[in-house]
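Enquirer: Top line first, the protein sequences correspond to chains D and U.
Going by my numbering, the first sequence opens with residue 1, and the numbers climb by one from there.
Going by my numbering, the second sequence opens with residue 261, and the numbers climb by one from there.
Source of the hints: derived by calculation from the structure; they are not laboratory data.
Ideal placement from N, C-alpha and C gives every residue a C-beta, glycine not left out.
Hints should not be assumed to be uniformly reliable.
Distance windows between CB atoms, simulated [as the list claims (entries may be wrong)]:
id, chain 1, residue 1, chain 2, residue 2, range
1, D, N179, U, I353, 57 to 63 Å
2, U, E497, D, E21, 28 to 34 Å
3, D, S64, U, P444, 52 to 58 Å
4, U, D360, D, S12, 43 to 49 Å
5, D, S198, U, Y358, 25 to 31 Å
6, D, S198, U, P461, 23 to 29 Å
7, D, N23, U, P444, 35 to 41 Å
Cross-link-like lysine-lysine pairs, in silico, DSBU-like; alpha carbons within 30 Å at most [stated by the list, open to error]:
id, chain 1, residue 1, chain 2, residue 2
8, D, K77, U, K518
9, D, K258, U, K337
10, D, K82, U, K518
11, D, K226, U, K395
There are 2 protein chains.
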Amino acid sequence: MLSKNKIKLFSSLPDKKSRIENNIFLVEGEKMILELLSSGFTVQTLLFTKKMKGFALNNNIPSSIELIEISDDEASKISSQKTPQGMMAVASIPDGFYSDSFSFRENNLVLALQDIQDPGNLGTIIRTADWFGVKHILCSKSTVDVLNPKVLQSTMGAVFRVKVVYTDLLKTIRELKENSSSLPLFAAILDGNDLYRSTFPLHGILMMGNESKGLSEEFIRLATHKLTIPRFGNSIESSESLNVSIATAILLSEIRRKSM
Amino acid sequence: MLSKNKIKLFSSLPDKKSRIENNIFLVEGEKMILELLSSGFTVQTLLFTKKMKGFALNNNIPSSIELIEISDDEASKISSQKTPQGMMAVASIPDGFYSDSFSFRENNLVLALQDIQDPGNLGTIIRTADWFGVKHILCSKSTVDVLNPKVLQSTMGAVFRVKVVYTDLLKTIRELKENSSSLPLFAAILDGNDLYRSTFPLHGILMMGNESKGLSEEFIRLATHKLTIPRFGNSIESSESLNVSIATAILLSEIRRKSM
Numbered sequence: 001m002l003s004k005n006k007i008k009l010f011s012s013l014p015d016k017k018s019r020i021e022n023n024i025f026l027v028e029g030e031k032m033i034l035e036l037l038s039s040g041f042t043v044q045t046l047l048f049t050k051k052m053k054g055f056a057l058n059n060n061i062p063s064s065i066e067l068i069e070i071s072d073d074e075a076s077k078i079s080s081q082k083t084p085q086g087m088m089a090v091a092s093i094p095d096g097f098y099s100d101s102f103s104f105r106e107n108n109l110v111l112a113l114q115d116i117q118d119p120g121n122l123g124t125i126i127r128t129a130d131w132f133g134v135k136h137i138l139c140s141k142s143t144v145d146v147l148n149p150k151v152l153q154s155t156m157g158a159v160f161r162v163k164v165v166y167t168d169l170l171k172t173i174r175e176l177k178e179n180s181s182s183l184p185l186f187a188a189i190l191d192g193n194d195l196y197r198s199t200f201p202l203h204g205i206l207m208m209g210n211e212s213k214g215l216s217e218e219f220i221r222l223a224t225h226k227l228t229i230p231r232f233g234n235s236i237e238s239s240e241s242l243n244v245s246i247a248t249a250i251l252l253s254e255i256r257r258k259s260m
Numbered sequence: 261m262l263s264k265n266k267i268k269l270f271s272s273l274p275d276k277k278s279r280i281e282n283n284i285f286l287v288e289g290e291k292m293i294l295e296l297l298s299s300g301f302t303v304q305t306l307l308f309t310k311k312m313k314g315f316a317l318n319n320n321i322p323s324s325i326e327l328i329e330i331s332d333d334e335a336s337k338i339s340s341q342k343t344p345q346g347m348m349a350v351a352s353i354p355d356g357f358y359s360d361s362f363s364f365r366e367n368n369l370v371l372a373l374q375d376i377q378d379p380g381n382l383g384t385i386i387r388t389a390d391w392f393g394v395k396h397i398l399c400s401k402s403t404v405d406v407l408n409p410k411v412l413q414s415t416m417g418a419v420f421r422v423k424v425v426y427t428d429l430l431k432t433i434r435e436l437k438e439n440s441s442s443l444p445l446f447a448a449i450l451d452g453n454d455l456y457r458s459t460f461p462l463h464g465i466l467m468m469g470n471e472s473k474g475l476s477e478e479f480i481r482l483a484t485h486k487l488t489i490p491r492f493g494n495s496i497e498s499s500e501s502l503n504v505s506i507a508t509a510i511l512l513s514e515i516r517r518k519s520m
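With the rest of the complex left out, here is chain D (with noise of 0.2 Å):
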């Protein structure tokens, strides 16, 4: 049973402020839930329904955190999706986790995203990124929030083992790109290279843009790849871009092919 007020404050932070202020946030669902415990993640309190008891009971929770039973009311009222799985849990918001310093190591292949928008398009990009081996993304301030309940989501986990990192993007590129000049910066962009048979370094930053104007010109300007999925067919008819995550999956699976 859940007081009214833990009530309110859970079923708040699906909102930015909220999770910042209480410096708290929600995951949903049994495979989220794993990933999160066997992460570095500090959970304070897990939620079940009566019909998730047994997932509770039987994960060998550490006992430091508070395990509530839930109904299937006060579960709906907290969760974000559609049709709730009955399952949540409440993490703390680790020390630093929104520290904007990041430092490049050489041969790394990271991702710096220009203000997307769709929680889907950024959880599925970190989700990619995890399965390409990227250990860090760096995100423009404006890029959506990875704690948003969607972003998790998407991710499936891989929230838990990519760093996202918020920054001014185009400052820490420029000074990224200052202190080291032979630094490969990629841009995605529509009239670049093609990408299958462009040869370029197998490291460096790729720079994917926001979902409707794409990369910024300040960005473009810094590139030192400009690289293009070729469309097929060469049909004036086809869809005019790729979705973001799309495109940014493409373009890691053909970085990643080519060093293999």
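With chain D's structure known, arrange chain U on it following the hints.
Expert: Okay, now just chain U, sitting in the frame of chain D:
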């Protein structure tokens, strides 16, 4: 000004049953409506709010289309978007739209989707297929409906260029295989051959499975080529799988790359 009945009818269109019963569907937003107008579909009604009056009057809308100005309030009642774009079109579902007839043309690349549930995934797959010149997508009958508003939105207009056929998928693929024993059938699975290093024909049918279950055994058994997108870094800790629209995109990209 819309009658109560019309508002009720139009706002029921996110529901597949209502679309089928009334033989109409709803398209939202400037970009999608421009694509609809230049497609072969018959548009019955164009709804626009005051703000969008200019669009409705300036785009050479055929006189056969009924133009109705609606209030912002009516727009939010009908729209299935959080922030309605003030611009909606009601179009007829063409005769034969749901016909399951399909003939495979030699050297074509076709997608086959088993039980894709998420509207964003199907829409994004259609958009990506269009980019890569795939003209036909076969869907199992349990795949989400292509005229679902969220599917339409994610296609960004590609839905008017790619033919989506709902069919008894297993039966259809079995028959295609019987008719042409040399038909390449690709299955995207987690323990197949390395996509990058394998050689395979560059046409045929690419089979993709449901978001959580993947392709079922019957489909995998029919495959002539089992393909896997290699993970990078070999970390056992990385993501277990890729989102299905991401995996589809990487496979299509690689097949097209090999054929260039």
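Enquirer: Tell me, which hint numbers fail for this structure?
Expert: 5, 7, 8, 9, 10
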